[in-house]
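J.: Below are the chains, spelled out letter by letter.
There are 2 protein chains.
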Amino acid sequence: MKYVKPSAFRNVTWKDGFWTRFDELVRRNVIPYQYRALNDLVEDAEPSHSIENFRIAAGESDGEFDGRVFQDSDTAKWLEAVGYSLMKHPDPDLEAKADEIIRIIAKAQLPDGYLDSYFTIKEPDKKWTNLRDWHEMYCAGHMMEAAVAYYEATGKRVLLDTMLRMAKHIYDRFGPVEEGKIPGYPGHEEIELALVKMYGLTGEKWLLDLAAFFVKERGKSPNFFEEEAKKRGDTGESRRRWGLDLSYWQAHAPVTEQKTMEGHSVRALYFLSGVADVARLTEDEVLKDACRTLFDDCVNRRMYVTGGVGSTHVGEAFSFDYDLPNDTIYAETCASIALVFAAQRMLQMEPLGWYADAMERALYNTCIAGMDLEGRRFFYVNPLEVLPEASKKDPGKRHVLPVRPRWFGCACCPPNLARLLASLGNYFYGVRGRDVYAYLYDSSVSELETENGPVTLDVTTRYPLDGQIAFRLSKGDYDLNLRIPSWSRDCWCVTKNGVKAEAEVKDGFAKVCGPFEDGDTVVLTLDLSVQRVYASLRVTEDIGKVCLQKGPIVYCLEEADNGKNLQRIYLPREAEISAEFRPELLEGVEVLKTEALELADDGSDVLYRRDCGPSFRKRELQFIPYYAWANRGEGEMTVYVREKI
Amino acid sequence: MKYVKPSAFRNVTWKDGFWTRFDELVRRNVIPYQYRALNDLVEDAEPSHSIENFRIAAGESDGEFDGRVFQDSDTAKWLEAVGYSLMKHPDPDLEAKADEIIRIIAKAQLPDGYLDSYFTIKEPDKKWTNLRDWHEMYCAGHMMEAAVAYYEATGKRVLLDTMLRMAKHIYDRFGPVEEGKIPGYPGHEEIELALVKMYGLTGEKWLLDLAAFFVKERGKSPNFFEEEAKKRGDTGESRRRWGLDLSYWQAHAPVTEQKTMEGHSVRALYFLSGVADVARLTEDEVLKDACRTLFDDCVNRRMYVTGGVGSTHVGEAFSFDYDLPNDTIYAETCASIALVFAAQRMLQMEPLGWYADAMERALYNTCIAGMDLEGRRFFYVNPLEVLPEASKKDPGKRHVLPVRPRWFGCACCPPNLARLLASLGNYFYGVRGRDVYAYLYDSSVSELETENGPVTLDVTTRYPLDGQIAFRLSKGDYDLNLRIPSWSRDCWCVTKNGVKAEAEVKDGFAKVCGPFEDGDTVVLTLDLSVQRVYASLRVTEDIGKVCLQKGPIVYCLEEADNGKNLQRIYLPREAEISAEFRPELLEGVEVLKTEALELADDGSDVLYRRDCGPSFRKRELQFIPYYAWANRGEGEMTVYVREKI
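Sequence order for the protein chains is A and B.
Going left to right, the first sequence walks through residues 1 to 645 as our numbering numbers them.
Going left to right, the second sequence walks through residues 1 to 645 as our numbering numbers them.
Accuracy of the hints is not assured; some may be wrong.
Any copy will do: because identical chains look the same in the list, a pair fits if it lies in one copy or spans two.
[Stated by the list, open to error] Each computed DSSO-like pair below joins lysine-lysine, with the alpha-carbon atoms no more than 30 angstroms apart:
(1) LYS564 <-> LYS259
(2) LYS564 <-> LYS644
(3) LYS205 <-> LYS593
(4) LYS181 <-> LYS168
(5) LYS618 <-> LYS644
(6) LYS618 <-> LYS231
(7) LYS393 <-> LYS259
(8) LYS205 <-> LYS618
(9) LYS220 <-> LYS392
(10) LYS475 <-> LYS230
(11) LYS618 <-> LYS88
(12) LYS392 <-> LYS230
(13) LYS181 <-> LYS393
FYI, nobody ran anything at the bench for these hints, they're computed from the structure.
From a predicted model like this one, the values you see are computed outputs, not experimental measurements.
With the hints as constraints, model all of the structure from the sequences given.
T.: This is the structure we're talking about:
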């Protein structure tokens, strides 16, 4: 086995910038807290039982399996986050805890390579009988990602070898009919991108072949899930009752025939990530086109301004183009994390700035809104509008919680966020030949490897508080490509050593050509003024409304700052908006202040009034970054505000 | 058995007014069409099997029960409508068909009086084991109402005697524990008001006692439904999964402790009707207060401007005060019919004008919107806002159909509407002592009985096209109380023989005192100008919006008249609105025309635009009466329009 390519992110070191706090939070709070959660030690949270399940499967504990059929994946995601954390922050105690869990996991593996605590404990006869609903490959995929991260962090091979055996078990069983295999693929995609990671680490081509098979076989006719269901004697009644069809699993058509993002949004975006990986590595232009079509639909017709995706809680799914309700929304934290994953793969496929625009939007808004400021409470659903009474009493909004709960029985989001944030450096840069691409910006020191040798980028910035981003460069013959975010397209500049640089924008990047000398300084200045953002009029829910954005940060109004009845507010189109950094508020946020109007009536109890409509009166407003909402108790929140034209 | 009191409505004869067309429609189209539907003769409709079930239960046909557990009630409601129709329009062929069905029903009754085709055919061992979910008493109640109507129409006692036996069967089994009976009550209320009708016809006090028992026992602790479920070994899991608790059945507390309308809206309003009947007949002031509290909550905090009720499709239920979403609404046709029933009982309890206001609102808008102009297609759900694409693709709006279907497997609404419209005269007047109350207005001749003798009211009016309503009176010593609708409170007048009459308004009625001479003419003039109606700002969904109403008629915009993108429209507050009667349109409707604005952008595909919000351009509008929507194919519709202030 050879070590093909290191991950880039271990070479990104945060200085004191925007992401430092999140990095620390993950290390100091989230990982330890989730360790306790996975071990059922958090008193007021739903129990996980995830690690205990492995113990039982390994024969080291008695008892019954508890939790969902995919409970293994919570431990996997936590281990992956631990791997990333250990790369930058050695911690013998944490490593010992992880080693012990890995020892149990390896012991829970069956002699034929099979690993899944649910089926090992509870239904050993039902292994591989329902790929559609039972998450064996999904759990395996997450554990493979953990294995790669943990190996890269520690050099320890126990989990990697375990998961290579599981991969081989799957490879031997599933694949082309012509090879005498079962033409199945996972009901919840994830293993595709995990196999590609293991391929990247090992160079074992059969891993890539298996990923490519899963990607290309999906949705072909006759449909595997339907054939499999027939064999089980499953009439599909329960699925139909829930209104789910094959598109829920992205299995309604081969990916090359899919034109829109459909079904369960996390599945759809993990799938897209895997397809983009396979397309890139196999240089399959048809697959690449399919990726472009789907990513375009996702980002340009089905994504909230916060980078949330998934418009309906039924199936936690995409619905249709421009259907973006703010209050019955799903916008699962995991779906925005998956959007970051997919955008990263699209960038690896081809460095187009708008992929990074979407990544940034999801990252700075919905992803980090998924967690409270202390890293101990988590949202599954990330609404753009909340009325707490409606969340309690309207069954169509019960999924929209106004306050983050501590943990979920179905705890996909918290550890998913942990693994993203612990590896965030991975998403900042790309290298192609002599071109270095900067996708995201924060104060950091990074070491990258170009075809002409190593490069060090020392970035100093207060971004996203202001728009000046200074790169101190190392000597070398390379070009620096700086992303110009779409929100700054009309107003930006680049200087090199204090002199305005002629930088052409192509595909969303301004190219500053090298070679560079040690200490050369390139300064990018972006437009960090407050912007009014309007959704397309095709988004019925947002007609007549506006939201505020400053740099990548989308703002919202909260009851804690503004009192109740946020939906009565009208922001005059000409209202001046001022920004003010408040270090004491919400771990330090920049607030936006303005004077607006609100509709007011005489306060009578009449339900329907005639001929005497409400009138306007003044109201002061303070907006906060969306990601920091719901940290001050229960209250109303809204991202969009009516506009007075 | 003595005949205590005739129904009033057989003494109301329509002249050529607003309701004539509906009366004809029911007689010529709805009743014949529903006969065919109940006999499974409508080709492109879901089968009913309702009459066939009775045939099987009577031993006159082989086969299995088909349909819902409450399928009997569809036949019952149809028979009731036939009864009402025959009273005014003798039809030997129709009567023969009804007689034949009644013969079968009577034959399906078991020797102990039990009647319910589902349990007789399918689960004879499960009779009376699940009052909560299985509709034995509900079906019995509907058949009792049919029996009363059919007896009053024809003098034939077969169905009445059958249902008196069934009532006795129930009376012997259910009642106070002290009497050795089971303290149960129906899961779907209806029998309460039916028992009161049979009591009214027969004077048999045990019928009233049974109704009173059901009304007062409901919701007491220990809860009967919970005790009954325990006996069945039902853990309540499925109910919990659907989010239903005891309030779904109005069984969460005794009615005297209920302060808000809760649960399934048809159940809740049938219940309220029964409670009001019992309160009036037993002169129970505590029960009367309970009725006032609940009716007030229903009408003043939970009713749509169209008279629709039921804000959520989950449980077809009320949700919470001021929660009135326009697009995820339920507003079942049956619920508005039930609101008419409840309002009628409230008026019988005490003649307060606002009860009739609610009745009128429901009747002229949601009730008749439930049916197409030909009486052959029916809505279950009556939205205030429809976007056809959303109805098809958003699972949260799948219940909101943009076009009326032909018939439903669960066909509660069509025959319910038939029985309401066939007996509509019943809802127009009330008499208390020397006081005659006019609740509703239409061209008609009516004979009423006051304590001082008979009265004939000959009404001539184009209402609701204009506001002049002329009463030509018969000689007698009585007072005429004319309802001044809330929408005309500020502008109305009454003349007597051409001279302005001093009429004081009390409780929503203008009293014109008698005695009167033959040919005296009292003319009431109401304000039929177009009015802008604003929902309370507490109704979040309607903030910044307005709707139009003219007299009792609520208006809407349809795509057929106005093109797409109705949600982009802004009606300027000062816009002039003109009314125009168009005899050729939708069987003759008055349309409202105005020039408004719409938000427009440059039509680009950009999902999120910065700093260049949409601007206004002019757009012509034509509003039609809400009741006539969805008669011209599939398209957008909205009742509320954004207002430009």
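J.: Checking LYS205 and LYS593: alpha-carbon separation at most 30 angstroms within a copy, between copies, both or neither?
T.: neither (56 angstroms within a copy, 70 angstroms between copies)
J.: For LYS181 vs LYS393, is the C-alpha pair at or below 30 angstroms within one copy, between two copies, both, or neither?
T.: neither (51 angstroms within a copy, 37 angstroms between copies)
J.: Check LYS205 against LYS618 for me: Cα-Cα at most 30 angstroms, and say if that holds within a copy, between copies, both or neither.
T.: neither (66 angstroms within a copy, 63 angstroms between copies)
J.: Quick one: LYS618 to LYS644, C-alpha cut-off 30 angstroms, is that within a copy, between copies, both, or neither?
T.: Close inside one copy (12 angstroms) and across copies (18 angstroms); limit 30 angstroms.
J.: Could you place LYS475 and LYS230 in one of the four classes (within, between, both, neither) given a Cα distance threshold of 30 angstroms?
T.: neither (64 angstroms within a copy, 80 angstroms between copies)
J.: Could you figure out if LYS564 and LYS644 sit no more than 30 angstroms apart (CA to CA) within one copy, between two copies, both or neither?
T.: both (19 angstroms within a copy, 24 angstroms between copies)
J.: Cα distance capped at 30 angstroms. Does LYS618 pair with LYS231 within a copy, between copies, both, or neither?
T.: neither (66 angstroms within a copy, 61 angstroms between copies)
J.: Cα distance capped at 30 angstroms. Does LYS564 pair with LYS259 within a copy, between copies, both, or neither?
T.: between (42 angstroms within a copy, 25 angstroms between copies)
J.: State whether the alpha carbon distance between LYS392 and LYS230 is at most 30 angstroms within one copy, between copies, both, or neither.
T.: Close across copies (28 angstroms), not inside one copy (40 angstroms); limit 30 angstroms.
J.: My question is about LYS181 and LYS168: at a cut-off of 30 angstroms on alpha-carbon distance, are they close within one copy, between copies, both, or neither?
T.: within (13 angstroms within a copy, 69 angstroms between copies)
J.: Are the CA atoms of LYS618 and LYS88 at most 30 angstroms apart within a copy, between copies, both, or neither?
T.: neither (51 angstroms within a copy, 61 angstroms between copies)
J.: How would you classify LYS220 and LYS392 at a CA-CA limit of 30 angstroms: within, between, both, or neither?
T.: between (42 angstroms within a copy, 25 angstroms between copies)
Going through the hint list in order, the structure does not satisfy hints 3, 6, 8, 10, 11, 13.
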